[in-house]
Amino acid sequence: MEKGKPNRTVVIIAEDDPDDRLLIQDALKEACQGIDLRFVQDGAEMIDYLNHKGHYAEPGKAPYPELILLDINMPKKSGLEVLEEIKRDPALRTIPVVVLTTSRAPEHVARSYELGGNGFIAKPSSYSELVELMGNLDRYWFRTVQLP
Amino acid sequence: MGFRKPQELLYRELQQSEALERTRAQQMEAIMDAVPAIVRIAHDRESNRITTNQAGVELLGLARETDNGSRSGQYRVYGADGGELFPPDRILQRSARTGQPVRDFEETAVFSDGSERHLYGNATPLFNERGEAVGAVAALIDITERVRAGQALQDSERRYRGLFESMVEAFSLHEILYDKAGRAVDYRILEVNPAFERLTGMRRDQVIGRRIRELAPGLDPAWIEREADVAETGQSMHFEDYSTLLDKYFEVFVYRTGDGQVATLSEDVTDRYRSQKALEESEARLRRLVEANIIGIVYADAEGNIAVANDAFLDMLGYSRADFEAGQVNWLQVTPPEYHPADEKGVAEANARGACTPYEKEYLRKDGSRVPVLIGYAYFPGAQAPYIAFVLDLTDQKAAENAAAVAAGAAAKAAEAANSAAAEAREYAGRLEQTNARLGAANRELARANRELNDFAFVASHDLQEPLRKIQAFGERLNRNLSGKLDEESQDYLARMLNASSRMRNMINDLLALSRVTTRAQPFVTVDLNEVAMDVLSDLEIRVQAANGVVEISDLPVVQGDPIQMHQLLQNLIVNAIKFHKPDIPPMVRVYSDCTSEEQSVRITVEDNGIGFEETYLERIFQPFQRLHSFGQYEGSGMGLAICRKIVERHGGTITARSQPEQGSTFIVTLPRFSTVGRSAAADV
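Residue numbers (our numbering), protein chains in the order written: chain F, 1 to 148; chain G, 1 to 685.
Hints were generated in silico from the structure; no laboratory data involved. Source: prediction; values computed, not measured. Any given hint could be a false lead.
Cross-link-like lysine-lysine pairs, in silico, DSSO-like; alpha carbons within 27 angstroms at most [claimed, not checked]:
{"#": "1", "chain 1": "F", "residue 1": "K61", "chain 2": "F", "residue 2": "K76"}
{"#": "2", "chain 1": "F", "residue 1": "K87", "chain 2": "F", "residue 2": "K53"}
{"#": "3", "chain 1": "F", "residue 1": "K77", "chain 2": "G", "residue 2": "K248"}
{"#": "4", "chain 1": "F", "residue 1": "K61", "chain 2": "F", "residue 2": "K77"}
{"#": "5", "chain 1": "G", "residue 1": "K366", "chain 2": "F", "residue 2": "K76"}
{"#": "6", "chain 1": "G", "residue 1": "K398", "chain 2": "F", "residue 2": "K76"}
Which residues of chain G face chain F? A few of them, derived with a C-beta cut under 8 angstroms, are [claimed, not checked]:
{"#": "7", "residue": "G368"}
{"#": "8", "residue": "R370"}
{"#": "9", "residue": "D396"}
{"#": "10", "residue": "Q465"}
{"#": "11", "residue": "Q472"}
{"#": "12", "residue": "A473"}
{"#": "13", "residue": "E476"}
{"#": "14", "residue": "R503"}
{"#": "15", "residue": "R505"}
{"#": "16", "residue": "R627"}
Every residue, glycine too, gets a C-beta built ideally from N, C-alpha and C.
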């Protein structure tokens, strides 16, 4: 995120584990600035957020995200289902989606890309790796590539 | 001239009378030869001199004239009663001898070559002017063909009569009776067989000549109309019908035998019909049960092929009907190998007593996940798919069983949440403590999974990853935040904790690898181990070079197996051979096979010149997490050989080793030449 830009970049992440939320929040804070990180609990809430429904019906409550991070194992709606819905929706399919999960199963990796996911990242086991990952995400998606 | 006859006149008369005589004799001879019968004339009472006409010469081979009639023919003669007739009793001789006519006489001439002539005829005696018998004339016709035809007819009639009498189908011959308007209204019974009597309970003499209307006034007119149709069209009919009169089911065949006549063949199929009905009903009931999809139902054979599977079963396993029809669902595919023994036991029990005691197992779903089930089955010998299994999804039950544990976890979490309001360091410490507690529980889980060596390890270790990751992440942060603030001892404790958790991570990864031997199992294909070994070598190139080692591969066999696991097997063995080399001597590894093509199994040997081991520890080295060396000396958590053993066992083989300390090690893998394990070894669903 370039400094001085008036609007902060919104990244939304679906993560149901409070420990992970804390770790990701802290790691992101440590790695970069200017990112407005929003959490949703699960896949269903992610869909609500993106479609401005339910809790997110109020205007301004669900700013347009520039990057979506998805876990696969989530209650109610799995990350892969959410991914499929996002990539099917013409209004949403241009938002990059990166799967961030503990799963290393080859079929999950393959399925994620099949469905149009823009990346698949295994959650690092150490905190320092997590900080590094957040920095890399920021560098790649907000400083390297051009987003629509 | 006076009254004496002149000489020449007498002579002329004589001449004339002789001429007349000759003419008569000639005429007689011509008549005899013209008659289409055998004619014989005996010229004396003893029948010494006999004249035979042309037909007799030709048919019986007799001389035209004989003076010795008693020995004239080259044949023997038998009478109608079968007794031999000697010359005095034969037709001609008897008539000549007795002076009596012989009428309707039958005799059979049997020639020396065995051929026969049946003859029929009359004979008339001849008398002189004094009325004395002086011979006879016999005329015989050849009735051989007629006799033969008659015999054939008799034989065939006898045969058909036998069939008619002994057949199980009731036969009755009917003459259709019409009213004035030409409508078929009745029939008369002309003939019936004993089976008919048995079937109807009416005796033959009670029914022959009687009308069916008299015998069975309540008979359905449809039966008469049907028979009339056959009589008119000539088209046979075959149908099954029920007779209310007899309360029996019949299979009936009706065909025309002549003008206005039909025959019926009826078979009592009541028993067959009723048992078939009962079978159909019970089958329909079972089908309804299968289609109701209350419970998973499967029909399978002893090879594990599934002939029928209902939607409930397919849904449970995540397969579609189309997948099933494409042959994707079979026992081998859907049963994790560690359940094979339980299934074999169940099948043995079902074979022995008709059904097995229901037991719990798991199926592999299409997406690779597992579903816990309760299964029971019954065995129906002789059926094409003789095992009918009932499968109940236990997911909900299992979830309920876990509910208590989950609730306890939630309570702990809530308590922990209250504490988390404390200072940051305390919070991290609290999280560490909490995750440590979870790790303790997980550790027990791990120990159990390890002990049982079953696939539970996969799920368990998967779940273990999460808390472990947290321990590492929060531990790392705690370490950073407190660095410089802790005393040396506390710092050391923390370092040990982190070190232990990283070892734990490696172990979990290895355990996952071990359980993947079964969860990621691929179907067996033909695998050339030479190619596999070459692949492994190219993967290990850098390691081999780094150790300055040499790996020699010579002539390995082709086996049936899981190619990825064969790769893993050879890789683990070769890696070990390189890893445990003596400090000063570069590793020298030989991989070879020394079995002949006649042997049922193949042997693959991996031999090294490394540090070796005490054979006392042979069993231990194949157990998970068993190491013979301390962590500092050689890397690894001790899972490599356990994985090797699991792979080999899955392929129906064995693995062992020979070694002595400092003498190198030799690992020997034995595999079936064409492994059938997991194909048809177990009969199950």
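Quick check on G/R627 please, does its C-beta sit within 8 angstroms of some C-beta on chain F?
violated, 23 angstroms
Chain F contact restraint for G/Q465 - C-beta distance below 8 angstroms
holds, 6 angstroms
Holds or violated: G/K398 and F/K76, Cα atoms, limit 27 angstroms.
Measuring from Cα to Cα gives roughly 19 angstroms; hence the hint holds.
Hint check, G/E476 versus chain F [nearest Cβ-Cβ separation less than 8 angstroms]:
This interface hint holds because 5 angstroms falls under the 8 angstroms limit.
Is the interface hint for G/A473 satisfied, with its Cβ closer than 8 angstroms to some Cβ of chain F?
With a minimum Cβ separation of about 4 angstroms from chain F (threshold 8 angstroms), the hint on G/A473 holds.
For a C-alpha distance cap of 27 angstroms, please report whether G/K366 and F/K76 respect it.
At roughly 21 angstroms apart (the allowed maximum being 27 angstroms), F/K76 and G/K366 satisfy the hint.
Could you grab the alpha-carbon distance between F/K61 and F/K77 and see if it respects the 27 angstroms cut-off?
Holds, because 22 angstroms separates the two Cα atoms, which is no more than 27 angstroms.
So if I understand the rule, the pair passes when the alpha-carbon distance is 27 angstroms or less; does F/K61 with F/K76 pass?
Satisfied, since the Cα-Cα distance of roughly 22 angstroms is no more than 27 angstroms.
Holds or violated: is the Cβ of G/R370 closer than 8 angstroms to a Cβ in chain F?
violated, 14 angstroms
Against chain F, run the beta carbon of G/R505 and see if the smallest gap drops under 8 angstroms.
For G/R505, the interface hint holds, since the closest Cβ of chain F sits about 6 angstroms away, which is under 8 angstroms.
For the hint on G/G368, just tell me whether its beta-carbon gets within less than 8 angstroms of chain F.
This interface hint holds because 7 angstroms falls under the 8 angstroms limit.
So, as I understand it, the hint says G/D396 touches chain F; can you test that by seeing if any CB pair is closer than 8 angstroms?
violated, 17 angstroms
Checked against the numbered hints above, the structure breaks hints 3, 8, 9, 14 and 16 and satisfies the rest.
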